Amino acid sequence: MPEKYQSLVEMLIAWFGGGLTTLFAAATGRLMWHTIEVRKAHRKFFGKELCWELPLAVGMAIIGEGVAIWLEAGPLLRPGIIGGLAYLGPRGMEVLFFRWFAAKVK
0 MPEKYQSLVE MLIAWFGGGL TTLFAAATGR LMWHTIEVRK AHRKFFGKEL
50 CWELPLAVGM AIIGEGVAIW LEAGPLLRPG IIGGLAYLGP RGMEVLFFRW
100 FAAKVK
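For the sequence shown, numbering that gives the first Met the number 0 begins at 0 and goes up steadily by one.
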């Protein structure tokens, strides 16, 4: 009898474990950003830029996992945080951090 999962994240964690689910979430976030750039005609879909998204996705997965742990997010929320931060990328995270930090300083 197959197990019943409440969400896609539960299924991915059960099938692949947390590590691959984290990488999948980060790759999906970067692919969403890449697709928007393609739609704006800033790059080709299968261009050389797509190769640069893989190391960026891995790096953002590591950073996103750290942020999710710091926020004490549960295992079902972590891929969402990681995917969102991967979508933002390093520059988006920098802007987000400085806005948050500026609000804390005031």
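Treat the hints loosely; a few may be bogus.
Claimed, not checked - Simulated restraints, written as ranges between beta carbons of each label pair:
#1 G58 x E2: 17 to 25 Å
#2 E2 x K103: 37 to 45 Å
#3 G16 x P54: 38 to 46 Å
#4 K3 x R42: 23 to 31 Å
#5 E2 x T27: 28 to 36 Å
#6 M10 x L70: 17 to 25 Å
#7 A101 x G18: 29 to 37 Å
#8 K3 x R98: 14 to 22 Å
#9 I61 x I35: 17 to 25 Å
#10 L75 x I35: 23 to 31 Å
#11 G91 x M10: 39 to 47 Å
#12 G73 x L19: 16 to 24 Å
#13 E2 x L76: 35 to 43 Å
Since the hints were made in silico from the structure, they are not lab data. Quick caveat: nothing in here was measured; it's all calculated off a predicted structure. Using N, Cα and C, we set each Cβ at its ideal position, and we do this for glycine too.
Status of each hint after checking the structure:
no.	hint	in the structure
1	G58 x E2: 17 to 25 Å	33 Å, violated
2	E2 x K103: 37 to 45 Å	43 Å, holds
3	G16 x P54: 38 to 46 Å	21 Å, violated
4	K3 x R42: 23 to 31 Å	41 Å, violated
5	E2 x T27: 28 to 36 Å	23 Å, violated
6	M10 x L70: 17 to 25 Å	23 Å, holds
7	A101 x G18: 29 to 37 Å	34 Å, holds
8	K3 x R98: 14 to 22 Å	41 Å, violated
9	I61 x I35: 17 to 25 Å	23 Å, holds
10	L75 x I35: 23 to 31 Å	26 Å, holds
11	G91 x M10: 39 to 47 Å	28 Å, violated
12	G73 x L19: 16 to 24 Å	18 Å, holds
13	E2 x L76: 35 to 43 Å	21 Å, violated
Of the numbered hints listed earlier, those contradicted by the structure are 1, 3, 4, 5, 8, 11 and 13.
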